[in-house]
Amino acid sequence: MFENLPLFPEQASEQAAQVDALFFFLVAVSAFFAILIAMMVAVFAVKFHRRRQDEVGDAIHGSIPLELFWTFIPLGITMVMFVWGAWLFFHLTRAPKGAMEVYVVGKQWMWKVEHMDGQREINELHVPVGRPVKLIMGSEDVIHSFFIPAFRVKADVIPGRYNTMWFTANAPGRYHIFCTQYCGTKHAAMIGWVTAMEPAGYQAWRSGGGATGGPVENGAKLFQDLACNTCHKEDGSGRGPVLKGLFGKEVQLSSGQTITVDEAYVRESILNPQAKVAAGFQPIMPTFQGLVSEEQVLQLIAYVKSLSGEGSAAPGTSATQAPSPAGGAQPPAPPAKKSGMN
Amino acid sequence: MPDGHAHAAPLDAHGHPHEPAHPKLQHHFDDMGQRAEASTLGMWVFLVTEILFFGGLFMCYLVYRWKSPSGFQEASFELNRVWGATNTAVLIISSLTMALAVRAAQTSAKRGTQVFFLGLTMFFGLVFLGIKAIEYTDKFVHHHVPGPHFHWDGQYPKPAEQFYSLYFAMTGLHAVHMIVGVGIMAVITWMAWRETFDEDYYTPVEVAGLYWHFVDIVWIFLFPLLYLIGGHFKG
Amino acid sequence: MDTITTAPTLNYLNSAHGLASWLLTRDHKRIALLYLVSVTAFFAIGGFFAMMIRLELVTPAADFVQPDTYNKLFTMHGVIMVFFFLIPSIPAVLGNFMLPIMVGAKDLAFPRINLLSWYIYVLGGLFTLTAAVTGGVDTGWTFYAPYSTASSNSHVIMAGVGVFITGFSSILTGLNFIVTVHRMRAPGLTWFRLPLFVWSHYATSLIMILGTPVIAITVLLVAVERGLHLGIFDPALGGDPILFQHLFWFYSHPAVYIMILPAMGVTSEIVQAFARKNIFGYAFVAFSSLAIAIIGFLVWGHHLFVSGQSTYAGLIFSILSFLVAIPSAVKVFNWTATIYKGAVSWDSPMLYAFGFVGLFTIGGLTGLFLASMGLDVHVHDTYFIIAHFHYVMVGGAIMGYLGGLHYWWPKITGRMYPEGWAKFAALTVFVGFNLTFFPQFIVGYLGMPRRYAMYAPEFQVYNVMSSAGASILAVGYVIPLIYFIWSLKYAPLAGKDPWGAKGLEWEIPSPPPTENFAVTPIVTERTHQYAPSREVGIA
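Chains as they are written, first to last, in this note's numbering: chain C, 1 to 342; chain H, 343 to 577; chain L, 578 to 1116.
Everything labelled a hint here was simulated from the structure, so no lab data went into it.
Straight-line distance between alpha carbons at most 25 Å, and here's what the computed DMTMM-like set of lysine to aspartate or glutamate pairs gives: (1) K500(H) <-> E294(C); (2) K186(C) <-> D640(L); (3) K409(H) <-> E140(C); (4) K1073(L) <-> D54(C); (5) K500(H) <-> D141(C); (6) K1000(L) <-> D54(C); (7) K221(C) <-> E294(C); (8) K918(L) <-> E1102(L).
These numbers were taken from a predicted model, which means no experiment stands behind them.
Isolated chain C (complex conformation):
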């Protein structure tokens, strides 16, 4: 690589090499066909250059075998690309169980990051190398897109729903975060840095930060402050469903449909409670639209997930447990149910 003329971005995640492998295959195929066509056109144009004013070409009308040849050869090659690309996509979008979860909220024009142990960052994301990290992302306003070129991963961050992406960094360093979905005036300034650190350095960073309680703790506190607990009682005597163990389950709705309790459903139930009421309950829950911020919704979701022992691979998954910033190395996560939009 030249100093000022890099041809390929650095590879800093396990995914990067896989994406580049497919990229090089496609470059090779494309170069072959582009050069082949250019050569043929050039050779024919020179060899059959018109020499007399009234010269005409031969009357060749076509050839079925040739047509089939150049229909099915490209078809076969593109199907290889399709299968490879689809396989890679599955790999890029399915986070492994026990991945370290980090919440990301995009807003015009910054990235707000909250780790499970309460570490918060703006336009910065610290991750350990060698460990899968899963980002759960929402937006407070318009559509953004979270892109780390060095990791070859990207996902849109869309208001009103959650998208996830994951990666395993494998080279310590600082890498760009770009917003790739146009989001207004300072779209180009909605950038940041992801810092991949050796596990030891990462632990040091974590213990040094000003953790203010993880999303689960904050969610639990909100749950009290907003008086959610007066209806969603643990013993089932409240006017709302018991939330313990609910996340990831299928519930019956009053309309007769069933729905899996995932991030999107919990979010909708907080902001638009009347939309899908669980069977056997009155649609009496007030909306919390405007009362809770997008981050707080994420915290409430984290809390609801924790009641099912879901999701978090960080410490303090229960509401009563105190945050332990040094923990998190061992993912105690039970089998993760399918979650969210992806």
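Fit chains H and L to the supplied structure of chain C, relying on the hints for placement.
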């Protein structure tokens, strides 16, 4: 200009009788049959684009109804089904009078007959728009028009507002088509009064009829989608 | 070849005089010229915005213009180039002029609707220009909700209404072409004798009439949501922003084929005329146009791979996106085979056709990178995309348009143009284009996102290359403008068939008379039959 074509038509012959071609034959057509076929095909192609135009709205409707079925049911219940059904009947009758008008032109019926059926079609179109205006007024009075003044007493204010957004978008677009249709009918009626149409030349009536039937059919889809959903729940 | 030295006494240009004779004309040839003048004006405006963009991107900082201004520049560049130049360019100018002649008709089926479509186009253009002049729009040409409906405080509604109105101009043009091809063909001109230019316009018209209404309603809904706060796409109002993307790309992906299919038709004509050889595999070239139009309607979801759309939906869109590449590949191979054993001249239209084949090949092949789901995750919304679609739209569509303009200029105006300058311009465009856009593939893969007024310093070298290329490209576009205008008065007369090409348009005088044909032609064979058939292979 020399014009050796079999059906040599005079240049720019719009509305100026000349022999031997039909007076309505435009210079670039060979004969009246070709002109009629072109116009009819043109209208069909146009209607295909109209289907896709409404299709975008129907798509939105399907997505949001799927997302909040109960809310849409509740909101739909506030629509006046009697007016809706009446309007459906009015449009079906207008389609009949439209078909009779085309038939009258095709068979070179007296201009009085042609004008009668066309006028009747126009009349039913206006009745439809009148009823629609009554319904819209009612929605304004009850603050069911989406926007800052929207007010909903039921359980599902958000989905209801969305339902009414789509209700006004879809019926509004349909009403615009009805207004255009009535305008077209007015022109066609005037042409019929001038004794323009006979068995050799009735394409404008036919093409206008195609448009009219299309607008009616759109309503035939709108009525159950907007007025009749979930009727068996709340009667 | 003819060496006629006098123009035909009466033709469509001199048969009537005065401004009204142009503004009220129903002659498809005059309407084509009205379109030619107006799309050229819009191309100049869109090109001006492009130059501003490239100037800003010379340095990483936002120093030439502020980010807000930059956002408006790329939005106006996109809106004007897509809706007011690329979509109407070949169909409304060359198609309007040539299609009726090629089917042996005196005019399109609905001349008045044809004129109406031009007025609608101009009206839509005025709306959009008004939006540009009074403060601009900053949503990007994609108008993504909820930014466009809730966040942007620029003239979204005004620009949207402009796009909405102009959509009807394409619908009416498409409708006119379809009816003309179905009903106005000359005796003996069966479907399988149609020139390939007509086939490609037929396929284009199908997209115009099926796709355009959907974007019309979508843009209208954006305007309605923004103006009246109806909750359609904004999640804060209960809407779904992904639905907008589906509706938008349902049109806007096929719209890419509206731009490229006519250019493919032009290329088919030029390759045959300048190789003096009939097309290799006529049926395959003709049907590949239809295949592109049809499959092209089913691939829009490949714009949503990273939006969180269901993976299974993504799989379908991905495989269909690969399939739509096949008919394009078939065309490229057939054009190449057509040159084989031809009598190839290197006149400027052929140079543009060579350029088209080369650049479109690169544009098409890089499309495979984007259809491939796992790879699209990385390159989505980066400069890789920008490079890819400029290779298709500028390298493809504009090369086709310029090639067609050079090929038919003698027919349209009755005069030649300076061939030396034309060759020089073609070469300049080719070099400038590649220098502008090839570096963007690299900088895109490096990770530079699109729509960035400021960028990381390591991307600068490629951006400087791009900006340098853009200025060469601009020169390449200005030269033809000058010599075409010059040629109107000073260039030698062309005669009816300066290229020795075969086709109905070359059998009538240049410029053609108002009625096109004194006698309705009777067609007995395909166009471009130069040598007696040796009965090789298939029809």
